[in-house]
Amino acid sequence: MKARKRERRRYAKPGGETYVFQLFVVGNESNSAQARVNLARLCEEHLKGRYQIETVDVLKDAATAHENNVLVTPTLILIKPFPKVTVFGNLSDTRQVLAALRLIGDER
Amino acid sequence: MATPTRRAQHKDATGLRIRRKEIPKVPTGIAGLDEVLRGGLPAGRMTLLSGGAGSGKSLMGLQFLLHGASAGEPGILVLFEERAASVRQNAWSLGWDLASLERKNRLHLLDARVNPEAVISGDFSIKGLLAILDRQAKAMRARRIMIDAVDALLYLYNDPKRERQELHTLHEWLLDRGLTAIMTVKSLPQGEAPSRYVFLDFMADCVIHVDQRVTVQVTTRRLRVIKYRGSGYGRNEYPFLIGENGINVIPITSNVLQHRPPGPKVSSGQVRLDDILDGGYKRGTSILIVGTAGAGKTTLACLFSQAACLRSERVLYLNFEESPESMVSNMLSPGLALQPLIKTGRLVVRSYLPEALGVEEHLFHALKALDEFQPQHVVVDAISACKRMGSEHAAFEYLMRILNACKERGITCMYLNQATGLDIVSEISGIGVSSIIDTVVLLRQLPIGGVMKRQLIVMKSRGSKHSEQFHEFRITDQGIDLV
Numbered sequence: 015m016k017a018r019k020r021e022r023r024r025y026a027k028p029g030g031e032t033y034v035f036q037l038f039v040v041g042n043e044s045n046s047a048q049a050r051v052n053l054a055r056l057c058e059e060h061l062k063g064r065y066q067i068e069t070v071d072v073l074k075d076a077a078t079a080h081e082n083n084v085l086v087t088p089t090l091i092l093i094k095p096f097p098k099v100t101v102f103g104n105l106s107d108t109r110q111v112l113a114a115l116r117l118i119g120d121e122r
Numbered sequence: 392m393a394t395p396t397r398r399a400q401h402k403d404a405t406g407l408r409i410r411r412k413e414i415p416k417v418p419t420g421i422a423g424l425d426e427v428l429r430g431g432l433p434a435g436r437m438t439l440l441s442g443g444a445g446s447g448k449s450l451m452g453l454q455f456l457l458h459g460a461s462a463g464e465p466g467i468l469v470l471f472e473e474r475a476a477s478v479r480q481n482a483w484s485l486g487w488d489l490a491s492l493e494r495k496n497r498l499h500l501l502d503a504r505v506n507p508e509a510v511i512s513g514d515f516s517i518k519g520l521l522a523i524l525d526r527q528a529k530a531m532r533a534r535r536i537m538i539d540a541v542d543a544l545l546y547l548y549n550d551p552k553r554e555r556q557e558l559h560t561l562h563e564w565l566l567d568r569g570l571t572a573i574m575t576v577k578s579l580p581q582g583e584a585p586s587r588y589v590f591l592d593f594m595a596d597c598v599i600h601v602d603q604r605v606t607v608q609v610t611t612r613r614l615r616v617i618k619y620r621g622s623g624y625g626r627n628e629y630p631f632l633i634g635e636n637g638i639n640v641i642p643i644t645s646n647v648l649q650h651r652p653p654g655p656k657v658s659s660g661q662v663r664l665d666d667i668l669d670g671g672y673k674r675g676t677s678i679l680i681v682g683t684a685g686a687g688k689t690t691l692a693c694l695f696s697q698a699a700c701l702r703s704e705r706v707l708y709l710n711f712e713e714s715p716e717s718m719v720s721n722m723l724s725p726g727l728a729l730q731p732l733i734k735t736g737r738l739v740v741r742s743y744l745p746e747a748l749g750v751e752e753h754l755f756h757a758l759k760a761l762d763e764f765q766p767q768h769v770v771v772d773a774i775s776a777c778k779r780m781g782s783e784h785a786a787f788e789y790l791m792r793i794l795n796a797c798k799e800r801g802i803t804c805m806y807l808n809q810a811t812g813l814d815i816v817s818e819i820s821g822i823g824v825s826s827i828i829d830t831v832v833l834l835r836q837l838p839i840g841g842v843m844k845r846q847l848i849v850m851k852s853r854g855s856k857h858s859e860q861f862h863e864f865r866i867t868d869q870g871i872d873l874v
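Which chain is which? The protein sequence lines are A and B, in order.
Quick note on numbering: the first sequence equals residues 15 to 122 in my numbering.
Quick note on numbering: the second sequence equals residues 392 to 874 in my numbering.
The reader is advised that the hints may include incorrect statements.
Looking from chain A toward chain B, a few residues come up when the C-beta cut is under 7 Å (computed) [to be verified]: (1) A76; (2) T87; (3) I91; (4) F102.
Far from chain A, some chain B residues (derived; all Cβ distances over 10 Å) [what the hints assert, rightly or not]: (5) S516; (6) L544; (7) R651; (8) N795; (9) E863.
Hints were generated in silico from the structure; no laboratory data involved.
Ideal placement from N, C-alpha and C gives every residue a C-beta, glycine not left out.
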């Protein structure tokens, strides 16, 4: 019940649990660069002080990409808190990303 | 004005003749397909395999990889739709142990199904996939790859233009790595690719289409090569079937008639008929016996078979009219004992219900029997029943291929055709095969003075003298009594 209440809240409660991300990129190609910037900005705005980002360059570490079945790049995976969330793309649609990461609640 | 043009063309033509050279090819290992492709798929290039649901395209690709795995060319199977575990399991049903090949690093199944719950925000590329493939291809020194149902990934784009760009990226990557690739694409029931994938036909160096169709309740599988850059190929539609050992394509083995010359005369099994034919039939030729029901066609064919078996030769009798048991028992009436011949193994009778199988399966069974049994003579009783394999066209195809196979092997091929009307002369043609038949024997029954008189005439006997008269005959309990 408590969890459901929190979901309805418009913005995530400050000072909650730490968000752990894995961001798969391809070197410095444009979509990847944009995704890095977009993710950093979004974390600073909504998760200040309680996020970790592990960036994986698939050109250097294809094994990790293989393990995680990362076919498209950029791919953002929210590892914690559970449940896991996967987002494809350069993360340009901020509202959509926030909704997917459960950082904004239902828009109704 | 005309002269320079002609000269230029001539120059071009000679230039081509000098430079002409076949491109390097990779065999698929699929029986018959390599003949159609004149050696195999274009090495280091992409082949597009299109087909509807259940048309056999994935299996064809898998067989190509398995052949590579056993020929020292490791391969990767990229699965966008199916689970790797189900592919392994399905392969087991054909006796293929994929897991053991994977352990030996000769095959790799890459489960590339897209997480259906993933959210899309902004643009992305398939570089992740390429990085994974790159690593895997290098690690196992892959030479072949099959990309199955890539549309399941491209669907994410929801944008035909981006799909096209990404397919180009993928194609470029395949070319850069020098992998011989098969990419499958779904086609609509009408046989064409969805319009947004039509450009793939232009991109690929070789395009093969497979389909499954139903004609008069009989399902047949067909394969057609639509294009092949830098190579000749068989341009027809070829029947194929999925048997116990995978795919078998049944091509007309060559575009030139490589028939062996006819051999010496061999007895027809009836002394008088041998006289009429100036010594008998010629070995390795084709014979058509036409007649109305009850005219004695089967009896004549069985006399021939018996004579051959008694000379210690082998006869394959394909019967589409009755079972071996009923044939044996019916032939006791004109005094022919077939059972002992079957026992010695010299006479093999195979009975099939024409409508039970598609034409490609009938062909497969017949050609397999030819290869296994190595007969000197083949009888098909009766070609009129072959129409029930689906259509007159299917029957024609079946008969043509059997005939070709026989002529290439120097086997005598005897076709029986049941004429329906009394005017059988016009029905001699027998589904249009008569032009390639060497000898035609016509049996007819005429009501003369209150009795049916049987008559026999040799209508045609290529490369040999023959009587041009009608000869009366009777079927007695000692065979055929010819006047």
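Original post:
Would the stated hint for F102 of chain A survive a check requiring a Cβ distance to chain B of less than 7 Å?
Top reply: holds (5 Å)
Original post:
Does T87 of chain A pass the interface check with chain B, least Cβ-Cβ distance below 7 Å?
Top reply: holds (4 Å)
Original post:
Does the no-contact call for S516 of chain B survive, Cβ to all of chain A over 10 Å?
Top reply: Not fine: 6 Å to the nearest Cβ puts S516 of chain B too close to chain A.
**OP:** Using 7 Å as the Cβ threshold, decide whether A76 of chain A counts as touching chain B.
**Re:** holds (4 Å)
Original post:
Are all beta-carbon distances from N795 of chain B to chain A longer than 10 Å?
Top reply: Correct as stated: the minimum Cβ-Cβ distance to chain A is 48 Å, above 10 Å.
Original post:
Does the CB of I91 of chain A sit less than 7 Å away from some CB of chain B?
Top reply: violated (9 Å)
Subject >> Minimum Cβ-Cβ distance from E863 of chain B to chain A exceeds 10 Å >> reply: holds (81 Å)
Subject >> Status of the stated non-contact between L544 of chain B and chain A (beta carbon gap over 10 Å) >> reply: violated (6 Å)
Original post:
Per the stated criterion, does the least C-beta distance between R651 of chain B and chain A lie above 10 Å, as a non-interface residue requires?
Top reply: Check passes; 56 Å lies beyond 10 Å.
Violation of the numbered hints given earlier is confined to hints 3, 5 and 6; the remaining hints are satisfied by the structure.
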